[in-house]
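S.K.: Going down the list, the protein sequences come from chains H and W.
So that you can map any letter, position 762 of the first sequence is 762 in my numbering, and since no number is skipped, the others follow by simple counting.
Convert by adding 1000 to the 1-based position in the second sequence; the result is the number in my numbering.
If you are wondering where the hints come from, they were derived from the structure by calculation, not from laboratory data.
For lysine-lysine, the following DSS-like pairs were computed, each having C-alpha atoms within a straight-line distance of at most 30 angstroms:
1) W:K1197 / H:K675
2) H:K389 / W:K1197
3) H:K551 / W:K1347
4) H:K464 / H:K539
5) H:K509 / W:K1347
6) W:K1211 / H:K509
7) W:K1818 / W:K1731
8) W:K1604 / W:K1629
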Amino acid sequence: MTATLRYITCLALVISSTVISAAELTELHAYPSDIGLYNSRDRQTITVQAVFADGLTRDVTAEATITVADQNLIKLEGTTLAPTADGETTVSVAFGGKTLSLPVIIKDSAVTPELSFKLDIMPIFMKANCNTGSCHGAASGKDGFRLSLFGFDHAGDYQRVTREIGNRRINLAFPHESLMLTKATGAVPHTGGTRFRKDDSLYTLMHEWIDAGAVTDKTDIPTCTKIEVYPKSAVLDGQGATQKITVRAFYSNGTNRDVSHLAFFLSSNENSVIIDQDGTSTAQNRGEAFVMARFDTHTVGTHIIVLPKGLDFAWKEIPENNYVDTLLHEKFKKLRIIPSELCSDEEFLRRATLDITGRVPTVDEYNAFLADADPKKRDNLVDSLIGRKEFVELWVMKWAELLTIRTTNQISYKSMLLYYTWLQDKIANNVPMNVMVQDLLASNGGTFANAATNYYQNERDTLKVAENVAQVFMGMRIQCAQCHNHPFDRWTMDDYYSFAAFFSQIGRKSAEDPREIIVFNSGSGVVRHPVGNRVMEPKFLGGDTPDVQGKDRRQIMANWLASNENPYFARNLSNIVWAHFFGQGIINEVDDVRVSNPPVNVALLDTLASKFTEYNYDFKKIVRDICTSRAYQLSTGTNATNEKDTSNFSHAALRRMRAEIMLDAITQITSTSNKFPGLPNGARAVQIANGNTSTYFLTTFGRAKRETVCACEVKMEPNLSQALHMLNGDTVNSKIQQGKLIPTRLGEEVPIPQILEELYIRCLCRKPTEKELTNLVEIIAQEENKQQALEDTFWALLNSREFLFNH
Amino acid sequence: MFRSSPTPIKLASRAHSRSWMLLAATLCCLILATCVQAASPSLSLILPRGVQRGVENKISFRGARLDDAEEIFFYSPGFEVTNIEPSASAAVATVNIAADCRMGEHVAQVRTRSGITEFRTFWVGPFGATAEVEPNSSFEEPQKIALNTTVQGIVTNEDIDYYAVEVKAGQRISAEVEAMRLGTTLFDPYIAILDAKRFELSADDDTPLAKQDAVASTVAKEDGTYYVMIRESSYAGNGNCRYNLHIGTFPRPLAVYPAGGKLGEATEVKFLGDPAGVATQTVQLPTAVDPQFALFPQDEHGIAPSGNIFRLFEHGNSLETEPNNAVAEACAAELPNAFNGIIGEEKDADFFRFTAKKGQVFDIECFARRIRSPLDPVMNLYNATGGSLAGNDDSRGPDSYFRYTFPADGEYVLRVTDHLGRGGETFVYRVEFQPVTPSLALGIPRVARYSQSRQQIFVPRGNRYATLISASRSNFGGELQLQNDGLPTGVTMHVENMAANMSVMPVVFEAAADAPLAGALIKLSAKHTAENSNISGHFKNRADLVISAPGQSLYVFKDVEQLPIAVVEEVPFTLEIVQPKVPLVRTGVMNLKVIAHRKEGYTKAITLQLPFRPPGVGTRSTVVIPEGKNEAIYPLNASGSAQIRTWPIYVLGSADIGGTGWVSSQLATLEIAEPFVTFAMERASVEQGLETQIFCKLNHATPFDGTATVQILGLPAKVTTTNMEFNKDTKELVFNIKTDKTSPAGKHTNVFAQITITKDGEPMTSRAATTQLQIDKPLPPPKNAPPKPKPMPMPMAVAVAPKPAPKPMAKPLTRLEKLRLAAQQRTNPEPAGSEE
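Given only the sequences and the hints, what does the whole structure look like? Please build it.
M.R.: Here you go:
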């Protein structure tokens, strides 16, 4: 390389590295904001983040000037602080004209504590991926060595590491020859390959622990109470931008430490952000990612947005109908997204009628709404639709799915129907959701006499009942924690079994009628933890341990669960309601709430939840808020800024109609009727009480069988058999024939264009375009059999994507 | 016994009215070989399902093979049959029902000339009947009826029936439906009384008073039309969902308090839960216990169509006095009175304090649901200071029961609560302390599930029929003697006493050739044969009327206490067991000979069963006397622990006589005895291709004449021996066992001897204990064994040694001895070339 070329390259590098955001520096953050060093081993790395006026952030740790006030107390090694003497001092961080001062406390700087198996060695297994399900965490271990999956059983792991196969895993005489080290460094053949190198801090830790005798932990070691991940958020400017992530753990003895080197990092969206195990996150494509760190049983994340480099964006003021819009717009601003325009009145009428009542608008409703000049007509429509019986029926159906209302070997048709009727009464009478859920979960009595008890007849396994309650009412899948601590969530086996203990005293006995069971509080029964077989005291999931002595455990659980003391209940129900109207939840799937699946808009979900609580759990009001928001009324069309957005609700989503609604729509449009078992002729598919009652059409279009509480039971994905059934099956065509709409109109001598217009309004809630009308009239004019031609048109409309989708 | 009329109605014109039907039946038989035309009549439904008392009713007994119906058996008094019009599918009887006939469920069955049907139920009520007339399926289109009417209708699939009545202000409207109770099918009704604005004034799906059936009652606030609606509770009716819906002004209280009283005494009771308020009444109680006894609420506006169950007890009542909600507040009660109370409100608990004596043992029974109270009682017994002694929730269905022996003289406290802490005006209960008494119940073991098949006795003229009678004894044991209270003329009963260790006994009924074709409901009873014992019990039978999911649950049943018995038309064969002269010995087998005496020309196959098998005796479930043959062998075998005794046995035969005809043999005897001789067989072992011996030591228990034969059975393939004979003096036998080189190697453990001793010309066959024959493969030659000498190339003449005289047979070595010898030979091999 010539000197000139070298010079140019250097210049280019300098230029590129010194290109900083053109915007002004507005904030400077240094993490952590206060520093504690509690023994000679303790280190703390400082991360500095600059926030600019255009919202972009940058990791400026390397460029910032870090100075220690009292250098006798701490030593600065790059950006890492190490203790030298006890005392208090400050560290100042300066960048771009701003300076921050971070207080530092140093204690026991001369004390070098023994390494602890639980606190220092167990994290290595997680960090180095030793205890995953595909490695030694498998139920039967791997290659003869087993660790508890994600470290749920540290006592067992200690036993296996130190006591199994003599002194091979741990060689106290020659620590460096311990298999724990030789395998991990690849010095001896290891199926899992090299996990760390000899110069790695993980090696040093492990070696030191073995060298010190691989002693068992003292009984009073502190426990990790929480972890924090820094920075709290980041908006990265273009591909390749990096941000260092650090993790600090807090312990029960009041100390904390930097555990970045021991934490396991992962990204929720590697298309936008990748993170390596050093904690360096690197921006990729435009988008958002939740970057998480897992340490001990805790998983905590930070939200990172990646924008295209040098994006030119200007927010324009957009009207806000209510808090929903305000909170969405705040997020749009961060994402540099302009939401779509409002949809047309025709689109809104169809969308709202389908979503709120599960029906398509009639011709009269269409004409009335379009003719209405009231600027508030959309709000009025929402109000009138919410007041209709069909609104209740739709939500009864959705709840019936969550409560898995269906006949089984245990549940007779009568029980099922009484259970359904119970649900219908509650929703029809607008019983607050919390009261309904409390009545359900605390129910006692006969399955006929108090049909809510069918909830406990449907599922009789204590653990499954607990799982179902968590999934339906809190949106959490805690199943994983039955066998191991949840790897991507906060739930430990202790949490799981303590929550299940609320359901350990459900008594069931036969009633006089062989079909009926009496559910009662048996007052005895416990849940035991499979590790150690200890009796678990009932503890709210993520909450307190209440006094249950002599009380009905389910009553106590229900009172907590369906209340604002439970942070998940209102959020979960709001999210379920939201997902109904937008096709996906703010947390998606709605029953997959976990740390590693954060809401796309935390503020919105929190506000919806607090409103729901404020409304005394009247979900009609939440529905009204959602449906009258501007966000709900957006067009499906996109603009350049939001065309790739699929999760932030910046435009309306195309949603296939669900099975029941589609059948009801076809039935309504063709003026025909259906007969379902147990329901009078003409009843709608939405009204079917029994999950086991289905038809070929409903099954093909993915009606929930209500076998599980999973939100995934309703299949919304289009597939080939659906298309073929619509085209060739016996539903669409025979309903067109049965309904006799075309012969009736022809008999009434209605002109062809008017018939066509009616068909368009019936099927698509719009009039045909000029071109459509001209073409169709022309084609039909050429046909001898007008009825046939019109019926073909009808058939084609019902097979159009415009009909099949709610848009 | 209650019967329609003392003499059955004979129908002189029957033959000619039946002629075309017989033709049809014959044709039917030609088409369907199994078609039954005469015997085995059946009754499937009695219509109408409800009849009014005090009037003449036409009741149709529907079923099959009823064209020779002669008589209706009613299980309770109040029915007089004046005419029967039989046809193949129904017997229509004209019945006068007495005005004082007990209301509620009644039982009847049909006797034909050739058999007796199942029994079925029907209901007697106070009101005249109106048939449902469709369309009445909407509120706008109700069927108008008069008050105090019973509507007889059917709820079809998703059907709702509406009835409209005109009512004055202040008038009570009550509705009660018999649907599930009718025992026709699983029909769980829902009823409601609605006003003209469609408001449900009273509605009911299930009520403890009527189980799945429903009662509703309200007082009209204004004059006008009121509606009674009935449907299936989950809209799942069908053509069999028949109902009797009583609509009127009658009182319909839900409970009576106290719900029991002392036999023969006048007792004041309150009827609770009626919308018109509490009614107090004094009733004179009967002097004999009647488990079906009920009080029918009645006032000037009418009488309820079903009663409130009322316990008749030999002691009086102690009634609770509130407050009695804690041990300290327990109200005083006195044994042996029954304790009565009401769990009046939620979380109510009733405590009774009473004195008991040391050693008193009581069955403490809480009657709540059994007297149709909503209460699901929980009973707890405490000592005077509240220490817990005993308790129970559900031992008697929802009701509570426990047996308790009081440990000391003193005060005790009994608490009654509801299991779910519920309470209310009608939550009545009653606790009876009953001394532990022996009880006995007889029955006929079922031959088919859910069926009344052969739960009746029908004896062909000049022939026999037999059944097993089972006895369930509780709180006692011992021998039982069977009794009856009057068999039909010409019928005799052959039975022996039932041994203390037996729970079934065979009973043979025999009808004289000239016995009149007649029948009766008899009271069959048994008594304990021990001296001074007055323990007795009688026959009970249960019909399973409604069975449905889950798991074939029994929803509706009917118990009866009389046994129908009838003399029926002749059957063209009789059966006879050839009485065996020798016993069936333990471990032995016997061929029991059964002879069929056929009428001229009757050749059909006869299927035999041996329903009664003495303990330890086994046999085949059926044996057939083939068509045209007159005898069959019923092979019996006895286990080693078969009970030694002489037992009564019989053979039951059935054959196609144009329907299935059943007859039995006489009551024969079967003696079970110890084997006359037993064998002790030693184990043997042999190498393939060699011979061995099995030694047997004989142990004579009973001397016998002549010679017996013994045969070794169970030998493996390619192993042979010869049969041997022995007499009463033989002490030992040795069997020579020959094997083949291909005889299967291994331990053959099922080798046994079968001994046949002939006595009085009949064989007695028994089986001796099994032994083991071990067949070994020859050992391979040792590796370092010297090679076999080759044959000499040139034979040399040698002097032929004289054959040694055969040695007397030495006792062969046992397996153990052989092993020892082999071991010895291994450790001390004989020096080569040593001399013998």
